[in-house]
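A.B. asks: Let chain Y serve as the given structure and place chain P on it in line with the hints.
If you read the protein sequences in the order shown, they are chains Y and P.
For the first sequence, my numbering begins at 479 and goes up steadily by one.
For the second sequence, my numbering begins at 479 and goes up steadily by one.
Derived from the structure by calculation, the hints contain no laboratory data.
Just to be clear, a hint being listed does not mean it is correct.
What the hints assert, rightly or not - In silico DSBU-like pairs for lysine-lysine, Cα to Cα no more than 35 Å straight-line:
no.: 1; chain 1: Y; residue 1: 499; chain 2: P; residue 2: 894
no.: 2; chain 1: P; residue 1: 771; chain 2: P; residue 2: 744
no.: 3; chain 1: P; residue 1: 771; chain 2: Y; residue 2: 569
no.: 4; chain 1: Y; residue 1: 894; chain 2: P; residue 2: 894
no.: 5; chain 1: Y; residue 1: 520; chain 2: P; residue 2: 894
no.: 6; chain 1: P; residue 1: 499; chain 2: Y; residue 2: 894
no.: 7; chain 1: Y; residue 1: 569; chain 2: P; residue 2: 499
no.: 8; chain 1: Y; residue 1: 771; chain 2: P; residue 2: 699
no.: 9; chain 1: Y; residue 1: 699; chain 2: P; residue 2: 699
no.: 10; chain 1: P; residue 1: 771; chain 2: Y; residue 2: 894
no.: 11; chain 1: P; residue 1: 771; chain 2: Y; residue 2: 699
no.: 12; chain 1: P; residue 1: 569; chain 2: P; residue 2: 636
no.: 13; chain 1: Y; residue 1: 499; chain 2: P; residue 2: 771
no.: 14; chain 1: P; residue 1: 569; chain 2: Y; residue 2: 771
Unchecked claim - From the derived model, a few chain Y residues whose C-beta atoms are all more than 12 Å from chain P:
no.: 15; residue: 585
no.: 16; residue: 591
no.: 17; residue: 636
no.: 18; residue: 649
no.: 19; residue: 669
no.: 20; residue: 814
no.: 21; residue: 836
no.: 22; residue: 837
Bear in mind the structure is a predicted one, so any value in this text is a computation, not a measurement.
Heads up, the beta-carbon is just placed ideally off N, CA and C, and yes, glycines get one too.
2 protein chains.
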Amino acid sequence: MDDIFGRQQAILIADVQVNGKNADIFVRDDGTIGAIGEGVRKQHTGEADIIIDGNGAIALPGLVNTHTHAAMSLLRGYADDMILQDWLSQKIWPLEAHLTPPDVYWGTKLACLEMIRTGTTAFNDMYFMMEEAARAVGEAGIRAVLSYGFIDLFDAGKREAECRATENLVRHIRSLDNPRITAAAGPHAPYTVSPDGLKWCAEFAREEKIGIHIHLSETEKEVNDCIAQHGKRPAVLLDECGILTPRTVAAHCCWLDEAECTLLGKRGVSASHNPTSNMKLATNRAMPWHWLKDAGANVCLGTDGCASNNNLDMFEEAKTAAILQKFFWNNPTLLPAQEALAMATANGARGLGLATGRLLPGTPADIILVAVHEACNTPLHNAMSNIVYSCNGGAVETTICDGRVLMLNREVPGEKEILEGASAAAADLVRRAQSS
Amino acid sequence: MDDIFGRQQAILIADVQVNGKNADIFVRDDGTIGAIGEGVRKQHTGEADIIIDGNGAIALPGLVNTHTHAAMSLLRGYADDMILQDWLSQKIWPLEAHLTPPDVYWGTKLACLEMIRTGTTAFNDMYFMMEEAARAVGEAGIRAVLSYGFIDLFDAGKREAECRATENLVRHIRSLDNPRITAAAGPHAPYTVSPDGLKWCAEFAREEKIGIHIHLSETEKEVNDCIAQHGKRPAVLLDECGILTPRTVAAHCCWLDEAECTLLGKRGVSASHNPTSNMKLATNRAMPWHWLKDAGANVCLGTDGCASNNNLDMFEEAKTAAILQKFFWNNPTLLPAQEALAMATANGARGLGLATGRLLPGTPADIILVAVHEACNTPLHNAMSNIVYSCNGGAVETTICDGRVLMLNREVPGEKEILEGASAAAADLVRRAQSS
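Chain Y with its partners taken away, still in its complex shape (with noise of 0.2 Å):
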């Protein structure tokens, strides 16, 4: 059954719901959707390497995970309920300084294992020792977009090594040549990194065609400190220096006014909105997604870093966007469940630059089977309300990337080994942070 996993393979999914009808998925052995309806079965039957019993469940694109720091998984549960700067300072930072590369490498594992289980099929990263997080990812199967956390604070000399730093990530990531993997420029934030960083990584992504991922406006004490050191608003500054893009992912977005909603809607910018993090940080205030919308911008969604989410379920994600726009904003109508999904996929894909977020022929076979015979889609009045505010990531039974089977019946090969590695390695970290 093993040799089922990760291989390139012709795959027939019968019998399964899509967008409300019976069907059936052909997926071919280069990895895209070859056929999706009724009758596909008749047809395919023959081609297929394995048929896959669709027969009780819901057939979804792949989610897509728009910001997040991956390795941090391996600091789980380590500090929460603290003042933001306590938080960092006290507890993130210190362990941080003692990550290694087989850290970033085991806690990008254990996080790409967490994302096939709960159905995300692509995430955009941003840390450091990228290389080992590419080493993972491509070992996981998954698709991601690797970004340097580039941090120069406003310091010439750091600004340099930085730039090094992106420019060696890029070409490493290149040499990979593995269609699942791309690069992206990282500038961290308006706060972290000076305008001519800003401007270095701008024109950096420009000349290698790569998308940017950076944090925008996630706390008002940024935005205060951004106008008293700046004179002007953070989107403002950012779009100064060339950094908002169509390729561009901003994440948080939370203490945007309108006028910049409208000006990232004008540059085609992708917001990722982090509702749990924002919660759980007390940010104070929520993204303006109906500004944001109403201004064309692609509102997409991601989970932020495990040391602040606590976990990489975008199902719960979505549900926790859906249910904190309209508290916020004061309106049970805003962000219904159809949108909510919306940003867990296509707004996704197309915020990361691929082709995938929607089950269509001719597209990479991103696809996630949720098991229908379960409580939380009994009764199925409505499968987008029930997979928005009733499932989490544990109805996900079924996991394909790029036309390989990745969990199949919620067997993911080599899990054992993922959890204890990444344990092992997180002990160890805390270890050598405490005896130092």
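C.D. replies: Chain P only, in chain Y's frame:
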């Protein structure tokens, strides 16, 4: 294997984590916890009818859901993303008008199944046709406090009928003589029950020595209406009618002011926080948890019904509570993980007058086992943090209530029949409503 389910028997849970330590738990065949600790295995192996391998699991008290309308699981996903009044008048009430006793039976069966799967062993329910709810709870094997939703709409004739319905339910539940099922008075809310109705419920509950279950200050409008109608805030009105007692569970409590919180604390009331429902229906204010806690009220947790949540997963609810409190009251240290878990366990049990909610020798054995070797519990820096922030109910692998095994290694006997019965009842209900 099936003969281990639902039976009175002596159980040894060997090698399980309890409060961060390795221990064994011995459950007597009278349904109580006999012993907990290291070495318990050696003393009690001979007495055990069955041995459950707890290696790789964390033992917790069964969770307590202090506010729900279980049978509304049949309406899961039927209507969402609407204005409250439209949602009720166009969707929920027309469907409820066609509810029959078998619908309440199947809806409650489905709810109990979901609760068993997600680690809840006791719940506080308010609905109608509650004799059927009692039948479903009896079969499921969990605990419930059942109340008839008393709604007189300020009409003396209706009030008499509601008094009789309340008396009948209490009499019926007494006649069942099932220690797991008790009755409560269920005056729906200050805006649906006259002061005379409230007084009758308070007096009846006192005489019968039963609890009271009521909705309190969910929306700003009902508070303003109460002041306009009665010249006082809702909690003050309830207190004058005798409703605020140590056996009262008041659900929602979003719009209490500080003086009302002090009053609830003084009376020893249990306040049930229902954060997901409040966010989804855009109540625009989160329960003032810190005021209630400081006043000495017993703050516990509930999911509300499936029509406004849309699941009964108390793990997800604890996380939503912890992050909503931080977000709304703008303080990332509010409601830390340990207190969120206490709300879902010990505080909930106290609210329902149960001796469960803690793992102590001599108390009833309501025990759940949470899987450790999963991504959500890796690494295990802090079990409390993982349980609240990272896991959902899918991490529960075994559920024991009153010393009876209801789920073992994720198997619940009869699950398929319950899902099919509830699906059929829900479809038929919609058909009847649409053809009328």
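A.B. asks: Of the hints stated earlier, which fail here?
C.D. replies: Violated: hints 10, 13, 15, 16 and 20.
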